[in-house]
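**Q** Spelled out, the chains give:
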Amino acid sequence: MEHLLEFARGPLFRLSFALMVLGLLRILALDLFELYRAYRQAGDKTVPWGKTTLKALEWLVPIRKVFVNRPVYSVFSILFHIGLLLVPIFLYAHVKLWQDDLGLPWLTLSYKWAYGLTLLTIITGLALIVGRIANRTSSFLSRKQDYLWPIALLIPFVTGFICAHLGVGPKAYQALMLIHILAGELIFVLMPFTKIAHCVLMPLSQYVAAVAWKFPPDTDDKVCTTLNKKGEPV
Amino acid sequence: MRTKRITPEERERAFKSLRKPDVEEKQRLHVRYHVEDFDVNDRPRRFLEAFAAILKHSNYRMALEHFIRMSAKCSRCAVSCQVYQATGDLKDIPCYRSELLLSVYRRHFTYGGMLKGRLLGDPGLTDEKIQEMAESFWNCTACRRCSIDCPSGIDHGLITHLGRYILSEIGIAPRALVVSTREQLEGATGNTSAIPVPALTDTLEFLEEDMLEEKQVEIKFPIDVEGSEYVFFPAVSDFLMEAETLMGIAAVFTATGDSWTTGTGYFDGINYGLFYSDRMLERIVKKIDAETRRLKGKKVLIGECGHASRSAKYFLPTYCGGKDAYPVINIMEYTYEVFKNGRLKLDPNIVTEKVAYHDPCNIARQGWIIDKPREILKAFCKNYVEMTPSGSNNICCGGGGGTVSIDEIRPYRTTIGGKLKADQIRRSGCHYLVAPCANCKKQLRELVEDQKIPVEVVGLHDLIYKAIIFDDSLKVKKIPAEAGTGEEGK
Ligand code: SF4
Ligand code: SF4
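Protein chains in written order, with this note's numbering: chain B, 925 to 1158; chain X, 339 to 828.
With the rest of the complex left out, here is chain B (with noise of 0.2 Å):
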C-alpha cells in the first residue's frame, strides 16, 4: 500500500498532470487557431471586440447573469465552481506537496476555509446532480457525462474531506488517500477530452460566436463547384 501510495503520488501524479496540461493546451491551441484562420478567411472583419470582451467577463464573472434564468441552479453551480477551483489549488496539504519541490511561495488556505469550501463543494455538487434529476428540462438534455462529471469530481472531494477533517484508522486513511489520488489523476487525465475541457475554452466563447457569423466571401461558387451544382437554376 504504501508503495502503490508513493507511485500514485510521485510518477503518476507527474504524468496525469502533465498529461492534462498538454491536453487541455492543444485543445485550447487548436480552438484559438480555428479562430484566427476564421478570422482571416472573414470578409468582414468588423468584429466587436470590446463588447465580446466584456461579454466573456460578464461570463466569467457571472454575477448579472444568475438571476436571469434558473436562479437556484446558477448559484448552486457558481458556488460549486468556486470550491472546484479554489480547494485543490489553495489547501495546505497541496501546496506543500509540491512547495517542498519548487520552493516557490504560494497562498494556502485556513483550516477553517479548506474545511468550510469542502463542505460547500460537496454540498452543491450534491445539489446539482439532485437538480438535474428533478429539473424536466435539464434531465430531458443531460447524458450520461453530466450525471457522471460531478459524481467523479466529488470523489476527491469527499475522500479528502474523511481523511482531514474525520479521524479514520491508518489503513482506512491509507485507502481512502489512494482513491483520493486516482481519482484526481482520472480527472486530469479526462479533462481534455471531455465537457470539462470548458475549463479552458469558456473565455473563448464569446469570440467564437461573434466571428462564427463572419464568413469568407464567394462561397457560393465554391460550394457549388464542391457540389456539382454549377449553373444549376435556384
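None of these hints come from the bench; they were simulated from the model. Honestly, I wouldn't trust all of these hints.
[What the hints assert, rightly or not] Mimicking SDA-like on lysine to any residue, the simulated pairs with C-alpha atoms at most 20 Å apart in a straight line are:
#	chain 1	residue 1	chain 2	residue 2
1	B	K989	X	D487
2	X	K624	X	G659
3	B	K1153	X	V378
4	X	K394	B	R961
5	B	K1146	X	G660
6	B	K1153	X	R520
Using the hints, position chain X with the ligands against chain B.
**A** The following block gives chain X with the ligands in isolation, referenced to the frame of chain B:
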C-alpha cells in the same frame, strides 16, 4: 418571462398541416410548410455531402468544434425561448434542437465520433433524423434570444441557420422562400414581390399625388438619380403594403433636402438567403452592390426592415469588398441623425394615443439599433409606453427567421411563435404598436388579429408622416389641377 402553455386544442390547430397526404408520401417528409419536389433518394448521403462541402468552404467548423466541447446541458436556454415557453415540448428546448445538428457533426466529422460510430455499429445519420431537423429548424424563429443566456456561448440561431442551409442543398426548404428568391435572382421582375418597374413607378407617382394633397408639399420619390447620397432598398413588399411608411420616409427626405434615390435596376432589400441559404444570401447581397454601383450612389439605405438591414450591413462587407464595401445604414439611423440635428420637426400634439415600440430581432439583438427610434418616439408621442423585456433582450414577434413569409404556417406563428409577444402587447395596452420591420409588421398584424388584440401595427415613419412639420417655404401655393382631387387629370 413565462407564459401559459398552449392548450391541446391550440396545439392541434397550430400543428395542422395543409400538405396533401399524397405529397407527404411522395416526398417522405412530414413538415408543415410546402416543399417543392426534390430527389428523395439517398437523403442521408446527400445531406452529408452538402454538409462536408459547406464545412470546407466556410467558417462553421470553428463554431461547431467549440460548441460540441462546451455544451453544459443546463437548460437555461429553455427559459429564454418563446417557442418552448409556449409549447412546453421538450423537443423545443434550444439546446435539444442544436444537438440535432451537433450530433451529426460529432458522428461524421470528428475522428472520435467516427471511431465510436464504427466501434458501436452506429449507422449515423438516418432519414428520420433529417425529418426531425426539417421540422425543428423551421419551428425556431432564429431570433437568438436563447444565446444571450447560454453560459456555453452556444448560438442556436447560427445552428438553425446552418441546419437550414444544409437542408436546402438537398432540396428541403420552404417553397414560399425558394419561389420568391427565384423570382428575385432569375425572374423577369428581379424582386421577391414580382413588381414590374412600370408598376413601381406608377405606385410612387400615385403616392406623390396623395402626399401633395394631404400635406400641400411636393414630396418626391426620386428614381434613378445618379450620384445620390443614398440608394434606397426597402423590403419590396412595402411598395404594396406599407405606403404610409414609404411616404414618411419620402417626407423626411423632403424636409431635409438630402439626396436619395430608388433604382429601377434593383429595388428590393429582402434577402431570404439569410433564412435558408448562404449561397442565396451572397447572390442577393451582390445585387444591392451592383445597383448602388450603377447609380454611383454613396451609401446603401435600407428601409424599415430588420433582416434586410442585417443582411446588407453585415454581409455587404463580407461578399462585396470588406472595408471598401458601401456603408449601409438603416433609415431609422438617418432619421435619428437629422432629428437630433434639428433638421426634422415633429408636432407633439398629433399622436396622442398610447404608443409602444417592438424591437425587431435582427437589428436589436446585437445591440445595433435600440435607443434611436425610442428617442424619436418619446420626443413627439405624449403617451409612450415600454414593453419589457426589450432592446437586445426583446421577445421575437414570432415570425422571425423567414417563417412569416410561409403563409401555410400562420396558425403556428400566431398560437406558438408569437404567444409571448401577444401577452406582452396585451399588457402594454398600447394603441399603436411601432414595428419598424416588414416581417414583424406582417406577423404582428396577423398575431393581433388571431389573438384579438385591439392594436394598430405601424411603422416608425407612419407616425412621423402624421406629425411631420414642413418649412413654410416647401408648401405649394396652389395645387396643380391634375394632382388636386385627382378627378380632372383622369
Ligand atoms: S443554455 Fe447553453 S449549455 Fe445550457 S442547455 Fe442551453 S444551449 Fe445547452
Ligand atoms: S433562436 Fe429564438 S426561437 Fe430559436 S431556439 Fe433560440 S429563442 Fe427559441
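**Q** Does each hint hold? Answer for all of them.
**A** To see whether the hints hold, each was checked on the structure:
A C-alpha spacing of about 7 Å is found between K989 (chain B) and D487 (chain X), which places the hinted pair at or below 20 Å, so the restraint holds. Proposed proximity of K624 (chain X) and G659 (chain X) is supported: the alpha carbons are some 10 Å apart, at most 20 Å. With a C-alpha separation of about 17 Å, the suggested pairing of K1153 (chain B) with V378 (chain X) holds against the 20 Å cut-off. About 13 Å separates the Cα atoms of K394 (chain X) and R961 (chain B), which keeps this hinted pair within 20 Å; it holds.
Restraint check: the Cα-Cα separation between K1146 (chain B) and G660 (chain X) comes to about 19 Å, which is no more than 20 Å; the hinted pair holds. Proposed proximity of K1153 (chain B) and R520 (chain X) is supported: the alpha carbons are some 16 Å apart, at most 20 Å.
Consistency with the previously given hints is maintained throughout, with no hint failing.
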